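With these hints in hand, go ahead and build the complete structure from the sequences.
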Amino acid sequence: MNTTPIDKLAETDLEEIRNERVTFERTPDMPSEHMILNFGPQHPATHGTLHMVLELDGEKVAGATPHLGYLHTGFEKLGEYRSYNQFVTLTDRMNYLSPLCNNIGYTHAVEKLMDIEITPRCRDIRVALAELSRLADHLLCIGTAALDIGAFTAFLYGFRAREVLYDLFEAVCGTRLTTSYTRVGGLLRDVPENFADMARESVEETLRATSEIDRLLTHNRIWRDRTEGVGVLSAEDAVAWGATGPVLRASGVDWDIRKNEPYLGYEAYDFDIPIGRNGDVYDRYLVRMEEIRQSAKIVLQAVEDLPSGPVNADEEHAVLPEKSEVYESMESLIYHFKMTMEGHGPTPPVGEVYAATEAPNGELGFFIVSDGSREPYRIRVRPPSFVNFSMFPMLIRGHMLSDVVAILGSLNVIAGELDR
Amino acid sequence: MGKAVDNQEERQTEGVGRPGRPEPDPGIVTTRIRARFGDTSVSTGNAVGCESVIAERDALLPFMTFLRDDPELAFDYLVDVTAVDRLRLDEEVRFAVVYQLYSHKHNRRFSVSVPVPEADPRIGSVVSVWPGANWLEREVYDMYGIVFEGHPDLRRILMPDDFGSYPLRKDYPLHGKGERDNFVF
Numbered sequence: 022m023n024t025t026p027i028d029k030l031a032e033t034d035l036e037e038i039r040n041e042r043v044t045f046e047r048t049p050d051m052p053s054e055h056m057i058l059n060f061g062p063q064h065p066a067t068h069g070t071l072h073m074v075l076e077l078d079g080e081k082v083a084g085a086t087p088h089l090g091y092l093h094t095g096f097e098k099l100g101e102y103r104s105y106n107q108f109v110t111l112t113d114r115m116n117y118l119s120p121l122c123n124n125i126g127y128t129h130a131v132e133k134l135m136d137i138e139i140t141p142r143c144r145d146i147r148v149a150l151a152e153l154s155r156l157a158d159h160l161l162c163i164g165t166a167a168l169d170i171g172a173f174t175a176f177l178y179g180f181r182a183r184e185v186l187y188d189l190f191e192a193v194c195g196t197r198l199t200t201s202y203t204r205v206g207g208l209l210r211d212v213p214e215n216f217a218d219m220a221r222e223s224v225e226e227t228l229r230a231t232s233e234i235d236r237l238l239t240h241n242r243i244w245r246d247r248t249e250g251v252g253v254l255s256a257e258d259a260v261a262w263g264a265t266g267p268v269l270r271a272s273g274v275d276w277d278i279r280k281n282e283p284y285l286g287y288e289a290y291d292f293d294i295p296i297g298r299n300g301d302v303y304d305r306y307l308v309r310m311e312e313i314r315q316s317a318k319i320v321l322q323a324v325e326d327l328p329s330g331p332v333n334a335d336e337e338h339a340v341l342p343e344k345s346e347v348y349e350s351m352e353s354l355i356y357h358f359k360m361t362m363e364g365h366g367p368t369p370p371v372g373e374v375y376a377a378t379e380a381p382n383g384e385l386g387f388f389i390v391s392d393g394s395r396e397p398y399r400i401r402v403r404p405p406s407f408v409n410f411s412m413f414p415m416l417i418r419g420h421m422l423s424d425v426v427a428i429l430g431s432l433n434v435i436a437g438e439l440d441r
Numbered sequence: 168m169g170k171a172v173d174n175q176e177e178r179q180t181e182g183v184g185r186p187g188r189p190e191p192d193p194g195i196v197t198t199r200i201r202a203r204f205g206d207t208s209v210s211t212g213n214a215v216g217c218e219s220v221i222a223e224r225d226a227l228l229p230f231m232t233f234l235r236d237d238p239e240l241a242f243d244y245l246v247d248v249t250a251v252d253r254l255r256l257d258e259e260v261r262f263a264v265v266y267q268l269y270s271h272k273h274n275r276r277f278s279v280s281v282p283v284p285e286a287d288p289r290i291g292s293v294v295s296v297w298p299g300a301n302w303l304e305r306e307v308y309d310m311y312g313i314v315f316e317g318h319p320d321l322r323r324i325l326m327p328d329d330f331g332s333y334p335l336r337k338d339y340p341l342h343g344k345g346e347r348d349n350f351v352f
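Heads up: the protein sequence lines correspond to chains W and F, in order.
Numbering follows my numbering, with no gaps: position 144 of the first sequence is 165.
Numbering follows my numbering, with no gaps: position 35 of the second sequence is 202.
Hints are supplied without guarantee of correctness; some may be wrong.
Said to hold, decoys possible - List of simulated lysine-lysine pairs, DSBU-like, C-alpha gap at most 30 Å:
#1 W:K359 / W:K98
#2 W:K318 / W:K98
#3 W:K98 / F:K337
#4 W:K318 / F:K272
#5 F:K272 / W:K133
Keep in mind the hints are simulated off the structure, nothing from the lab.
Computed from a prediction, not measured in an experiment: that's the story for all the values here.
In structure tokens:
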């Protein structure tokens, strides 16, 4: 029996394999096939339900085709059958990581259409809550982006601080996730008495977590190898594709609606807009980290001396009167009735409006067409995730399969907002 | 809110967007457009808080390219593309495609509304002007059935591919037409 020594066999095989690797090239005689790989709809890195068909050339991604709509709920259609205040509850469910920013962005648009000026107290509370939501959103975005790449600890640090923020949201709104806190011309109710202390405490906790994440990730060799030079977006492409928020600023474009078109009195606050240099995943991480610190500054300034006074504007045709007055005054009772009964409520004049606010993911716009009735005739949400995510096939092309989750995490795609 | 109610009645009797109403003073963008394309090329829109025009869908691409490339306009950022089904509004043309634009250079917003008739729901695609229009136009097609000519990949985006209707049209009922009865799991 002709036998071959075992170590000799192993050597031959290795040699063959090595040769095969070297000679395995795509030629007209022997074309290699692209592999089709389904990413999602159930995948932990999609942070929702998102489906992508990846075309792989070895481990490189030759193309990606996203399929959206798994979380499509028809908010825009439903909005045409809801009154202006009822739609606030639907905005919670869009970007569910920072529902307060959606509430505020939406009522801001309605108030612009109705030409309502909100009270100074309401304005400053909205600023504080919008920035606190930004802290929560960025902490989660950075945490899950790190988790997807394999760094578990940053995620836990972020979640611990986020818990303190959510306790604050619960104290203010009564709920942690579906906040529904704003109303046309005001707020659901005033903030609790210890709001300023709670805000300071949660800011402190957030900054502590941020510096912990900073020490864990920013100079971490593995983290930098996985993120630097990955998913590079040039400034020209970012503008042409309509990127907004941290994604745009990481590419070096100095544009933030809070600075360029100030609303809610943002011009009075002292804060800086961080911008990146390379437009890669690492820069998006750095921009978000610095935005946390800047937003913390804004929160502290906003709660420093919160103006006293009512939180609701003095607009009896748009805002519910105080309950105590409803019991005592005939006019207030009538206004209360006119505000709550079927077919009544805030009714903006005929016209259309587009109003944008800077949400954690970028420009969150609401386009409302009013026909002068109680329900919006047409309500359109301009979702930042949707537009940012449309660049994904361009960003991933030529990168490795494992970079899919890195780029996806850096865009912070929220499926609820993507699909609406 | 007496002020707003008065305003509303006034606007309704005047008839926004229809001939016969007095033209408000054209803004800087409208003036620039009229200098290039002629006085009758655009009429003033009724957006609140920003300048807006109503444009024609013929020769939309040169018009949009001008808005982007003209140094005094420089609308380099397409914010949003959406549509309005004006079935229940007093308008002659059923659909309007609405573009929100922003200029980073001049920090200015601008809105363009383009009427699209129901009998021939077609409009030029602006993907070649702003690549970001790609998914936004797909969504309008998905929800309203307006066809964007020259779009590189015009497929439904949020609804299933075999969904027969256009859900954001005003004649589509809120509870659907029974599509969900036949869903397979």
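How the hints compare with the structure:
1. W:K359 / W:K98: Judged against 30 Å, a Cα distance of about 25 Å means the pair holds.
2. W:K318 / W:K98: The given pair, whose Cα atoms are some 39 Å apart, is violated under the 30 Å limit.
3. W:K98 / F:K337: 9 Å, holds
4. W:K318 / F:K272: Between K318 (chain W) and K272 (chain F) the Cα gap is close to 28 Å, so the pair holds against 30 Å.
5. F:K272 / W:K133: Within the cut-off at roughly 24 Å; holds.
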